[in-house]
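The task is simple: from the sequences and hints, build the whole structure.
As you go down the protein sequences, you meet chains A and B in turn. To convert a position in the first sequence, counted from 1, into the numbering used here, add 1453. To convert a position in the second sequence, counted from 1, into the numbering used here, add 1453.
Think of the hints as simulated: they come from the structure by calculation, not from any bench. Treat each hint with caution, since some may be false.
Note that identical chains are pooled: a pair holds if it fits in a single copy or bridges any two copies.
Stated by the list, open to error - Capping the alpha-carbon separation at 27 Å, the derived lysine-lysine pairs in BS3-like fashion look like this:
| id | residue 1 | residue 2 |
| --- | --- | --- |
| 1 | Lys1456 | Lys1701 |
| 2 | Lys1710 | Lys1619 |
| 3 | Lys1471 | Lys1709 |
| 4 | Lys1506 | Lys1455 |
| 5 | Lys1709 | Lys1677 |
| 6 | Lys1668 | Lys1603 |
| 7 | Lys1701 | Lys1677 |
| 8 | Lys1603 | Lys1677 |
| 9 | Lys1634 | Lys1542 |
| 10 | Lys1603 | Lys1701 |
| 11 | Lys1574 | Lys1457 |
| 12 | Lys1457 | Lys1701 |
| 13 | Lys1457 | Lys1506 |
| 14 | Lys1668 | Lys1576 |
There are 2 protein chains.
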Amino acid sequence: MKKKFKVGLLGATGIVGKTFLRVLHERDFPVSSLFLFASSRSAGQTADFGGEKIIISELTHENVMCGMDVAFFAVDGDLSREYAPVLAKNGCLVVDNSSAWRTDPEVPLVVPEVNGEEAFKHKNIIANPNCSTAQAVVALNPLHLAYGIKRIVYSTYQSVSGATIKGMEDLERTLAGEPHKFFPYPIAGNCIPHIDTFGSDGYTGEETKMIFETKKIMRAPQLKITATTVRVPVFVGHSESINVEFEKPFDIDELKKVLANAPGVTVTDDPSANLYPTPLAAAGSDDVYVGRIRRDASVESGVNLWVVSDNLRKGAATNAVQIAELVLGVNAGSKN
Amino acid sequence: MKKKFKVGLLGATGIVGKTFLRVLHERDFPVSSLFLFASSRSAGQTADFGGEKIIISELTHENVMCGMDVAFFAVDGDLSREYAPVLAKNGCLVVDNSSAWRTDPEVPLVVPEVNGEEAFKHKNIIANPNCSTAQAVVALNPLHLAYGIKRIVYSTYQSVSGATIKGMEDLERTLAGEPHKFFPYPIAGNCIPHIDTFGSDGYTGEETKMIFETKKIMRAPQLKITATTVRVPVFVGHSESINVEFEKPFDIDELKKVLANAPGVTVTDDPSANLYPTPLAAAGSDDVYVGRIRRDASVESGVNLWVVSDNLRKGAATNAVQIAELVLGVNAGSKN
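Pasting the structure below:
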């Protein structure tokens, strides 16, 4: 008989939390019982899990002591720092979606297609990467293995859902002509080159995360990386213009084959038929879409890529569930 | 007495044509008489020029023979190829906004702040650059003169007005939930990495133009350049994430001063006060806005810039009027 798990979800009412519920159901994750937690505001309400109504409990230290085997964290960094060590100590595997643990050398930061082995070094906490980084490394790692990446220049086009439901509401609000309340400027009809807070070097937290996390996940501290991250008026789906310089020469058709054969990647690249990835098309799917694959003649061995994925799925819930499947030895029954 | 000119505008009813009328009036261009031309559909209608109603004539070979001193072309490449040589032969200075003449070695391609001297080599036709290129070189040329640019990586975030009124209507249409008719995919809530037609090398016409035109305007054929150009759901204002590698070392504060002192550039760069350029803020203004100025530590001497400008103005009408002012010896009375 297939082993089943007592599964918890902290932050069940946010958009990432709701995506977790959909992904767990779609992938047929072996759940014996499901515990949902949110703030006192949502406690007592129900959430939908494959047609079943599950009551949401208030997130308290008492309530989480319910013997969970695995807990998915879709809460902010402060709550993660508060609850993850407690649950981990209690034998629960925590897969955390916040940035709280990603830089901790004791905590694996995992994208299963890239560094799944690292997940098994966990001490009951595994960090899920930043959404922009997760999709990028799925596309970049196979190329790194084949040609040795020297340098990466990231420019991102990130959807408002990466900024929680408040970001989505601010896009709706400003599209309706109402004043903005959440982003520093109206996001409708605009591009805002500011995600997370600014550091003293002029880089945003999002840019710093992409640079650090790419190196950690690809286990390539020597990589040269820079990034500019930008919020665009898209509801779901992050896009990335990625310029890559390799150590070794490559054949462009062979490179496309490397990508086409890479786990988690779908190559959508036929300019003659107007085929390339877009966030609107990628939303709702678990894959990382790669297109506009072209040699960059401005360096000896370089390529330009356009990488798109659903930031709530591969950038958050899907990747976290894949991590748990890997560590718990679950054969994913993904319907996607 | 100040010399005045018989001025023509071919393509008076498009969004670039309308912007020409506003810019000519705002800058107090010395017009003795103004001749407006459009297709037979619009002939007989009037257009507003500083409160004055000007009747629009049909664009025909007979009608354009009205003794114009200077003609601004806001028509497509085919019409430009048809009419520019005729008017030029007749002694009229043509400033053309299409891509028809930009690659012609006999035709200067001019951004006055960058290569104004070239304009005087004209044989009555001067080409106005592609909108994305014009704003980029205003920001890049002063840095090239100071530090010697080796390589540029462009990623653009281009507004729908760059694709004529049809692009703006398609954004309005898709924002209203109606099916798209103009872009290959719905542009509302989306990013489309496809501007102009695809070449056999996988690059779009827009990307190829940015690479070629940057070199021609900056008179730097040795520059290494690559580009990814993307349409975003913004009505007016193009944004660009530009990664630059220099020959020489630089001090970041000095580099910011070079930009602040450069003609046509406004530096908007104070992260601590959430100050950086956005297309919504730049729309309606003639300047090129530069912000997010940060050292790129992934190369020996590199910088990241975020460059934003009104694509209908500096990217089209304003730059063309500035070219005419320069060549005709007009002292611009810009109110902007």
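Hints versus structure:
no.: 1; hint: Lys1456 <-> Lys1701; verdict: neither (45 Å within a copy, 62 Å between copies)
no.: 2; hint: Lys1710 <-> Lys1619; verdict: neither (40 Å within a copy, 37 Å between copies)
no.: 3; hint: Lys1471 <-> Lys1709; verdict: neither (34 Å within a copy, 45 Å between copies)
no.: 4; hint: Lys1506 <-> Lys1455; verdict: within (24 Å within a copy, 80 Å between copies)
no.: 5; hint: Lys1709 <-> Lys1677; verdict: both (23 Å within a copy, 24 Å between copies)
no.: 6; hint: Lys1668 <-> Lys1603; verdict: both (11 Å within a copy, 26 Å between copies)
no.: 7; hint: Lys1701 <-> Lys1677; verdict: both (15 Å within a copy, 19 Å between copies)
no.: 8; hint: Lys1603 <-> Lys1677; verdict: both (6 Å within a copy, 17 Å between copies)
no.: 9; hint: Lys1634 <-> Lys1542; verdict: neither (40 Å within a copy, 58 Å between copies)
no.: 10; hint: Lys1603 <-> Lys1701; verdict: both (9 Å within a copy, 21 Å between copies)
no.: 11; hint: Lys1574 <-> Lys1457; verdict: within (22 Å within a copy, 79 Å between copies)
no.: 12; hint: Lys1457 <-> Lys1701; verdict: neither (46 Å within a copy, 62 Å between copies)
no.: 13; hint: Lys1457 <-> Lys1506; verdict: within (19 Å within a copy, 78 Å between copies)
no.: 14; hint: Lys1668 <-> Lys1576; verdict: within (21 Å within a copy, 55 Å between copies)
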